Amino acid sequence: MSSHSTTYVPKSAAAKWLESRLPIIGLVHSSFVAFPVPRNLTYFWTFGAILMVMLVVQIVTGIVLAMHYTPHADHAFTSVEHIMRNVEYGWLLRYLHANGASFFFIAVYIHIFRGLFYGSYKAPREVLWILGVIILLLMMATAFMGYVLPWGQMSFWGATVITNLFSVIPLVGDTIVSFLWGGYSVGNPTLNRFFSLHYLLPFMIFGVAMLHVWALHVPGNNNPTGVPIKSGKDALPFHPYMTVKDTFSIVCFFIVLAWFVFYMPNYLGHADNYVPADPAATPAHIVPEWYFLPFYAILRAVPDALLGVVLMFAAIAVLAFLPWLDTSKVRSGAYRPVFKVIFWAFVVTCLVLGWLGSRPAEGIYVVLTQIFTFLYFAYFLIALPLLGLLEKPLPLPNSISEAVLGKKQASGSGMPVGAAAEPQSKG
Amino acid sequence: MKKTLIIAGALAASLALSSGAAQAAGGGVTPPRQDWSFAGPFGTYDRAQLQRGFQVFTAVCASCHGLEKISFRNLAEAGGPEYSQAQVDAFAAEFLVDGGYDEFGDPVQRPATPADFWPSPFANYQQAAAANGGKAPPDLSVMAKARTFERGFPWWITDVFTQYNENGVDYMAAFLKGYVDPPEDFDPALGNWNLYYPGHIVAMPNVLFEGVVEYPRDAQGRPVVPETVEQYAKDVTAFLMWTAEPHLEARKAMGFQVLVFLIVFAGLLYFTKKRIWARVGGETEGHATG
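Keeping their order, the protein sequence lines are chains V and H.
The first sequence: position 414 = 414 (the working numbering), numbered continuously.
The second sequence: position 200 = 1200 (the working numbering), numbered continuously.
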């Protein structure tokens, strides 16, 4: 991005003037117009664009909601109802924002699992991957704090449970918790700082997402074969091929989102959050939003609170070490017969953990949670390191075009040879 | 592409749906499924039902429960009971509300106007609790969205496709007629026994009895709908669904327009994409042949 080698040639005098002072049009051109992408990307590669759009949707709806929302323990619940009733299309903004958060996570989880299957975390994309893990963490913090803002029962008690996690840290735990709360329990100062941070973090996500795109544009996209672009035949320019495909995918994603926003806007939430926060009454079950359930299950897997917290954070942190835990030289799971099976077992493990997170921590559920927590970590710490050494991968195609078009090198011109061989020669 | 979409869809659905299971709440008897005019993609409120429900609310519920998110003016707005402006003016005028201070600084009261919120039956939480055996009756404005029951597998999955999200109202209607004979060994000192309330023991007593509210009459002088507990429960629940979700009709109507637009747009984009990709020999998914 910084010193890009662009093929953009400004035509108008104004564009020439600007380009010689700030080459921003060339930057956009090289990143989103001429950028060479492997010609074999599936729809799983459209979730990056979906996520970009969702981030913008969340920021835009969120900014307007903030114009009508009152971050005060005595008024927050009422101000949300005010948005729902009296603000023009306030119900639409709020339901878009609330369901948008869920769909943001649906998209990011598909995006992550796609990366896991096709080995998108492997060299030379380690930094790209780690930036993604940072985005995931920021998203989780943002979503958690956003759920506190309506100041319903689940907001209040969710905030209480999650902030209390930090109290298990030896020596400084209680100090940290008081600092998070701004007092000695979850209260108005907590709501105020959560609102402030909930407004701040999306812009940090935006910043890291820009770095994520930058880090993508150095090595270029991975693809289903995992074989890098070798010639012009392997690649297509981003525009119009990916722009039209991404747009189609985004609109399809919006159809599903609209189904929830307009017809079942509270399905993904909790009824308890329509009860105003009451510090004197604990809800029967305190359950986080669905996208936290697997991690919530891991948190409760062990009886020791400190170990539970460590495991929960480790469950996310382990992702950052993935590039070095996976020892296989083959990037794409498509050519790894044993890995394929283990990968899908891992997907099932995550889903089961999500289900267990929604169950009360008692009886058989505790045992199951422990088993599946073990399986979760086993994927990263046992299966991936060993598989690379033991598994015999299938033969890789010589190039993307060979995999796609067959050995006879069928028609289809692709990009001019040379233009695509190296997506970006200088970082 | 088909395979990708199926896998993506399945993954998305299963991830999203984990939350259905998360909505587990309490242990009670599953409420019977009711027919609601506002269910489904084209659902609308039944004006006459909302007006009857409002009647039940004012006659039965309002002496203990507040409805603080509702203004009198809402009763005349489109998509609700749609009373006439004159009727709403008359409802409002029956109430006295705080009118600020007079020129001597003494507090004064004035008749309510349509812009005022529904006055609460008690001055404050403590008074409400004291008058009701220590437990203040909750405000009913969003109650229809604040209650639910566990649907269980596989219903929490099928609900997404059938758009069943009337959990709250099914529970409320069942609750209101759930004051059946308690088990023999039940100690009445504990409270009231309700079949559908999680845990069965509830502070609120039975309030609905046959004929307790007089419904509008037809030409022969007979009530237009039966004056039964069943009907009262259903009507007041429908009214409380409206208070919880006053823009439901607008939301569902817009949803249909949005979906039609998005589906047509997606179709056009699909063919545009096909055409563009035809230049390079069509879309060729890069799945490994092995």
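It is worth saying that the hints were derived from the structure and are not from the lab.
Among the hints, a few may not be true.
Unchecked claim - Looking from chain V toward chain H, a few residues come up when the C-beta cut is under 8 Å (computed):
1. Arg39
2. Glu81
3. Arg85
4. Leu236
5. Lys245
6. Phe254
7. Ala258
8. Phe262
9. Tyr263
10. Asn266
11. Tyr274
12. Val310
13. Phe313
14. Ala314
Small disclaimer: the values here were computed from a predicted structure and weren't measured.
Built from N, CA and C at the ideal position, the CB exists for glycine as well.
Hint-by-hint comparison with the structure:
no.	hint	in the structure
1	Arg39	holds, 7 Å
2	Glu81	holds, 5 Å
3	Arg85	holds, 6 Å
4	Leu236	holds, 6 Å
5	Lys245	holds, 6 Å
6	Phe254	holds, 6 Å
7	Ala258	holds, 5 Å
8	Phe262	holds, 3 Å
9	Tyr263	holds, 5 Å
10	Asn266	holds, 6 Å
11	Tyr274	holds, 4 Å
12	Val310	violated, 24 Å
13	Phe313	violated, 21 Å
14	Ala314	violated, 21 Å
Hints 12, 13 and 14, counting from the list given before, are not met by this structure.
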